[in-house]
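S.K.: Next come the chains, spelled out residue by residue.
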Amino acid sequence: MNDSHISEVPSPLREAWVAFLRNRAGVFGLGIVGAVILLSVFGPLIYPVDPFEIVAAPLTPPAENARVPLGSDYLGRDILSGIVHGARVTLFVGGAAAAMTVVIGVLVGAAAGYWGGRTDRFLMRMTEFFQVLPALLFAMALVTLLSPSIPIIATAIGVVSWPAMARLTRAEFLRIKSQNYVIAARSSGAGDLYLITRVILPNAAAPLIVSTALVVGMAILFEAGLSFLGLGDANVMSWGLIIGSNRDYVIDAWWTVTIPGLAIFFTVLGLSLIGDGLNDALNPNLRER
Amino acid sequence: MAGSETPMPPAPPKVEVRDLRVEFPLRRRSFLDRPAVVHAVDGVSFVIRRNTVFGIVGESGSGKTTTALAIMRLQAATGGRILLDGADITDLTGDALRAVRRRMQIIFQDPYSSLNPRRRVGAAVREPLDLMGIGTPAEREETVARLFARVGLSPAQRSLFPHQFSGGQRQRIGIARALASQPEVVVCDEPVSALDVAVQAQILNLMREIRYDFGLTYIFVSHNLGVVQRVCDEIAVMYLGRIVERADRNALFARPQHPYTRALLAAVPGRQDTGPRAELPGTLAGDPPSPVDLPPGCRFASRCPHAMPRCRSDEPALQEAAAAHFVACHLVNP
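As you go down the protein sequences, you meet chains A and B in turn.
Oh and the first sequence: position 116 is 116 in my numbering, straight run, nothing missing.
Oh and the second sequence: position 306 is 306 in my numbering, straight run, nothing missing.
Just so you know, the hints here were simulated from the structure itself, not pulled from any lab data.
Cβ atoms here follow ideal geometry from the backbone N, Cα and C, with glycine treated the same way.
Among the clues, some could well be false.
Said to hold, decoys possible - Okay, the calculated beta carbon distance ranges per label pair:
(1) B/F24 x A/L107: 24 to 30 Å
(2) B/F24 x A/M126: 24 to 30 Å
(3) B/R103 x A/V103: 36 to 42 Å
(4) B/S290 x A/L137: 15 to 21 Å
(5) B/R103 x A/I37: 32 to 38 Å
(6) B/G226 x A/A171: 54 to 60 Å
(7) A/R125 x B/S154: 49 to 55 Å
(8) A/F122 x B/V37: 21 to 27 Å
(9) B/R49 x A/W17: 51 to 57 Å
(10) B/T93 x A/L174: 52 to 58 Å
(11) A/Y47 x B/S154: 57 to 63 Å
(12) B/T93 x A/G95: 40 to 46 Å
(13) B/E209 x A/L107: 46 to 52 Å
Pulled out of the complex, with its shape left as it was, chain A reads as follows:
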């Protein structure tokens, strides 16, 4: 038998990575998100201007005063500094909310899909309850009742966005649990935990990873929306806060909201492109051979 080709067996992960790199839009998205991550890590070191310090005349347009290259806000604070220092918080809110969404959504969806029957009905009614809550109003109420701090905001976003993840996970579990390799593992003495975590979840992972990338983008948008309504954390600089605090000056000073708005737009676009690229890379049926 010819074994010469056997030495080079790529793992599925490596194969998916190679496929992802072939997707130009996905790589572009990864470039944007990578740049934002680098900005959030190293930006404050390179550009240490305090985003809360008043450094110029209020509402200075961009490229007029060298101290505020991207202009200043209604108090005379540096917009560029806000972008640089706010990246970290914006990404943190997105990441934390997405993590919460994934943890709750996957746990609920996996349990409902795997056990089915009464468990499924109970968990799905609960999921529907959260799904029909008006997301923005609920998050606003939660933030108002507790406190407008970053962890609370991330929690509020997680609470309103997990149902979609739960439904997706459940659908994947329903599809995979009747596959013969799952039955084969059960007939070999596999228990519930092994089947859920080692057999079904790895095969359900692809769409969940894709939708996680999208949830991060959605959470960033949500945070911006809350901040715009004045429910952001006023003590921590974020992109949403720049937009929210300047909302009364939109007409006179377009740059105060457009610049952070573009930062959010490109970050969310980057995450969506990554999601799309992952979808193609992780789905062997869409991948051209």
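Position chain B against the provided structure of chain A, taking the given hints into account.
M.R.: For chain B alone, kept in the frame of chain A given last:
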């Protein structure tokens, strides 16, 4: 031993099924509906002798696969008993159930869904050993390599993924996996129906060799009568959750009694109906009735060319029509 002139007694029973029932509740569309139940397997009994091949034949929906899965305790039985080597395994749970699972394995029809696409095939074959804690890791790896060689694959192919194999090769991997825990009973669920005819023969030969080498008892589920005739010692024909005829291979194929069996045999290309009622038309029309609302009387009456008034009121019992030849038909057992 001296003086053992007496004929060999029949092999002792390996698997015994008594009045097995599997019912699936149907979801009610509204609370006004009465609860409906699908009778997938509706009172099936048989004995499978050690080191034989027991065939279960029927159309899709006849309950043949459900019967096999229920024997393996992979499908919950709603009634009846299942015995393995005389011990009742119907209600086992926990460690006792795991111990029994080691002794019964399954080979699936579709070699494409029977292997985890995200796992290297070597790990898939090793999985039963890992799960049951059989041997040290080094011994397991050695067992896997030996099994690969036994089923005609190169042990070096263990590090490949399922999508890198053909259907026949995947079926060989599925067989290796089923053999890993050294089972005694192997359920073969349509093991060759998804394969090319040339590959079918190879896989069937491999399965026969392995049966002798490992001393296995096979439960062979199929709708393909040609294959069943080649490999099975005894055959049960199922229709809508019940056995309509049960006999050894020679008797069933030479003298089929039940109209359903005869129709199935008549449908095999190149085969002639040589039974006592050869002149009667044998082909089947229509579909079986719904297993939810079963008609009274014989389940086959709606499609039977010989149906009599009595067939629509009394359900025929499975009775011995000839020596060791059981038939459930009013025509045969008046």
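S.K.: Has the hinted range 24 to 30 Å been met by the Cβ atoms of B/F24 and A/L107?
M.R.: holds (28 Å)
S.K.: Between B/G226 and A/A171, does the beta-carbon spacing fit 54 to 60 Å?
M.R.: Violated: the Cβ-Cβ distance is about 40 Å, outside 54 to 60 Å.
S.K.: So the hint says 15 to 21 Å: do the beta-carbon atoms of B/S290 and A/L137 match that?
M.R.: Hint violated: Cβ distance 48 Å, outside 15 to 21 Å.
S.K.: Does 36 to 42 Å hold as the CB distance between B/R103 and A/V103, or does it fail?
M.R.: The hinted range 36 to 42 Å holds for B/R103 and A/V103, with Cβ atoms some 39 Å apart.
S.K.: Just tell me: holds or violated, for the beta carbon distance of B/E209 and A/L107 against 46 to 52 Å?
M.R.: The hinted range 46 to 52 Å holds for B/E209 and A/L107, with Cβ atoms some 47 Å apart.
S.K.: If you check the beta carbons of A/F122 and B/V37, does the distance land in 21 to 27 Å?
M.R.: holds (23 Å)
S.K.: Are B/R49 and A/W17 spaced within 51 to 57 Å by their CB atoms?
M.R.: At roughly 54 Å between Cβ atoms, A/W17 and B/R49 fall inside 51 to 57 Å, so the hint holds.
S.K.: May I ask you to test the hint 49 to 55 Å on the CB atoms belonging to A/R125 and B/S154?
M.R.: holds (53 Å)
S.K.: Is the distance from the Cβ of B/R103 to the Cβ of A/I37 consistent with 32 to 38 Å?
M.R.: Check failed, 54 Å falls outside 32 to 38 Å.
S.K.: Kindly confirm whether 57 to 63 Å is satisfied by the beta carbon distance between A/Y47 and B/S154.
M.R.: Taking Cβ atoms as reference, A/Y47 and B/S154 lie about 60 Å apart, which means the hint holds.
S.K.: Note whether the CB distance of B/T93 and A/G95 lies within 40 to 46 Å or breaks it.
M.R.: holds (43 Å)
S.K.: Range first: 52 to 58 Å. Now tell me if the beta carbons of B/T93 and A/L174 are that far apart.
M.R.: This hint is violated: roughly 25 Å between Cβ atoms.
Hints 4, 5, 6 and 10, counting from the list given before, are not met by this structure.
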